[in-house]
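J.: All chains should be built: construct the whole structure from the sequences, respecting the hints.
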Amino acid sequence: MPLTISEVEHIAELAKLSLTDAETALYRDQLSAILDYAAAIQRVDTSAIPPTATVLPLRNVLRADHVTPAMSQEDVLANAPDAVEGCFRVKTILDAG
Amino acid sequence: MTTYETIIGLEVHAQLRTQSKMFCGCSADYAAAAPNTHVCPVCMALPGALPVINHTAVEKTILAGLALNCTICEHAVFARKNYHYADLPKGYQISQYELPFCRDGWIEVEVENKPGFSEKPGLSKRIGITRAHLEEDTGKLVHGGSEAGDTRLSQGRGSYTLVDLNRAGVPLLEIVTEPDIRSPEEARAYLVKLQQILRYLGVSSADMERGAMRCEANVSVRPVGQEKFGTKVEVKNLNSFKSVKLALEYEVARQIAALERGERVVQVTMGWDEERGRTVVQRTKESSDDYRYFPEPDLPPLVVDRAWVDEIRSRLVELPDAKIARYVNELSLDPRDAQLLAMDRGVAEYFEATLATLRNQVSRRNLVSSAMGDAKIAANWITGELFRLMNAAGAGIEAVKVAPAALAELLGLVAAGQVNQNGAKRALGAMFVTGQPADQVIRELGLAQVSDADALAQAVTDALAKFPAEVARYRGGEEKIFGWLLGQVMRETKGKGNPAVVRELLEKSLRG
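Top to bottom, those sequences are chains A and B.
First residue of the first sequence: 1, per our numbering; consecutive thereafter.
First residue of the second sequence: 1001, per our numbering; consecutive thereafter.
No wet-lab data here; the hints were simulated from the structure.
Note that CB positions come from ideal geometry on N, CA and C, so glycine has one too.
Among these hints, one or two may not hold up.
Not the full set, but computed from the structure, chain A residues with beta-carbon under 8 Å of chain B [what the hints assert, rightly or not]:
1. Lys16
2. Arg59
3. Arg63
4. Val76
5. Val90
Below, simulated DSS-like cross-link-like pairs (lysine-lysine); rule was C-alpha separation at most 27 Å, straight line [claimed, not checked]:
6. Lys1140/B <-> Lys91/A
7. Lys91/A <-> Lys1193/B
8. Lys1193/B <-> Lys1242/B
9. Lys91/A <-> Lys1236/B
10. Lys91/A <-> Lys1242/B
11. Lys16/A <-> Lys1193/B
12. Lys16/A <-> Lys1242/B
T.: Below, the structure is given as structure tokens:
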């Protein structure tokens, strides 16, 4: 079942991607193929299998609540395109409300 | 005119009191830290960094769930909630979705509905808790950061936002109610009760003004009698008890006005604008599909077995409602006093420690005393004199230098007649400042009560000699002047006279 163009545009918007019409068409085909694959898996009868969040046998991997050293502010901001007063500086993407 | 019913559900986020963050070892205590100094590869989402679950945060979540009468789920799974925002370095928040730690709980609140609401006034009411789950806090954004003289602004390229990731990854407990709340007053009562419980448990400071407890509300109205819920509006940015009440009142009135005009209520997210006193549209609501939740592949699921839950349950402390009931039923305290004492766990512990020492002393000194009387006396001194001193000094119970044992000693001295009420009040005032023991303060300030009849008889004689006219008026039948004369004698004793002995001597002297 192929995705609609508007569904692809909506997914692109959620991922903050700006697509050309040609890319939208290309991803529509690719994403639809992935969904078809998932649909094939969904045909398997799993009624007797409990929901599985992981295939690993690990459970309850926890750490003690201890503080460990943080990075220096200089290192934290080293790769930032823009920084001021110890903060990352980004363009305001939404009005403050 | 149509009468409307208000339907409110609340989502509360409370920061858990842990040393380190939810999934890394960075300190969670960022209040006084310079920006971006409590940050590591995990909480700034550097490639390849892997989260590990904080054991204490999980246990505090389960402890809170137990106190909120929740079912603790045997299987819990963390999930990714995907969205883009500058305060979220990973592009997703680690939260819980289908399998939270706690579900199906409730807390009881006192309801005092205004007339016109659908429920009877003065009842306690259960507010259902849908779920309580664990997630991570986001970073902090400071909006409106634009530089003076920044020419790019005049070119219409917008302003800047500053990002501080110290808060990113701090453990957050999210508690969601059923749509059981029927008025802004009920919403407030629920939040007060929830804050009290979280503080009692020590799981969160739950301080709204400091952002350690934050609230969002889903609000709708429907004509009374209609079963179907109206369209709900989400209201964010409710950061104080006052703004919760004002914002909900405003939003309810706005929705009713729209329906009365024949309009529809549109499903949106609103923000409360404190300054303008109104709710403002923020954005149209995402559906939960848009968050594309899926199980967090970096974190193995948790199995919460019965033994673990029982072990955590054994750490539950007596909660405020149970304390109030015990104070009233077993100690015969006035319900109002019981509430004042139980409101804050620190105060309740102070009261209980004072009472324990007081009873020990009494039994040691072999004094006759009724257990209930002791409780009443300790309660009166704490909610009266001690609270007055605390308020005047702006101090919480933690900062009080008078140890419960020291207060008990003072009250013991009052009971033994070694200091009178006024002297004890002055002594407590001095103890509050210096933290010195009661007997030392009483000795140094010369507050010991004088019960010696000879010394007091002299004071009576002196006082009466000073005010012959008043004495004559009393003897002429003006009995109500007795209290004033008693005051004059007490003054002669510098307030240290044993009032009972003084009264007796004065009466005898005036009759004579």
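J.: Now tell me if each hint is right for this structure.
T.: Each hint tested on the structure:
1. Lys16: holds, 5 Å
2. Arg59: holds, 5 Å
3. Arg63: The hint holds - Arg63/A has a Cβ within 8 Å of chain B, the shortest such distance being about 4 Å.
4. Val76: Result: holds, 5 Å to nearest chain B Cβ.
5. Val90: holds, 5 Å
6. Lys1140/B <-> Lys91/A: With a Cα-Cα distance of about 15 Å, the restraint between Lys1140/B and Lys91/A holds, given a limit of 27 Å.
7. Lys91/A <-> Lys1193/B: violated, 40 Å
8. Lys1193/B <-> Lys1242/B: Between Lys1193/B and Lys1242/B the Cα gap is close to 15 Å, so the pair holds against 27 Å.
9. Lys91/A <-> Lys1236/B: Holds, at roughly 23 Å.
10. Lys91/A <-> Lys1242/B: This hinted pair is violated, its Cα atoms lying about 33 Å apart.
11. Lys16/A <-> Lys1193/B: With a Cα-Cα distance of about 41 Å, the restraint between Lys16/A and Lys1193/B is violated, given a limit of 27 Å.
12. Lys16/A <-> Lys1242/B: violated, 37 Å
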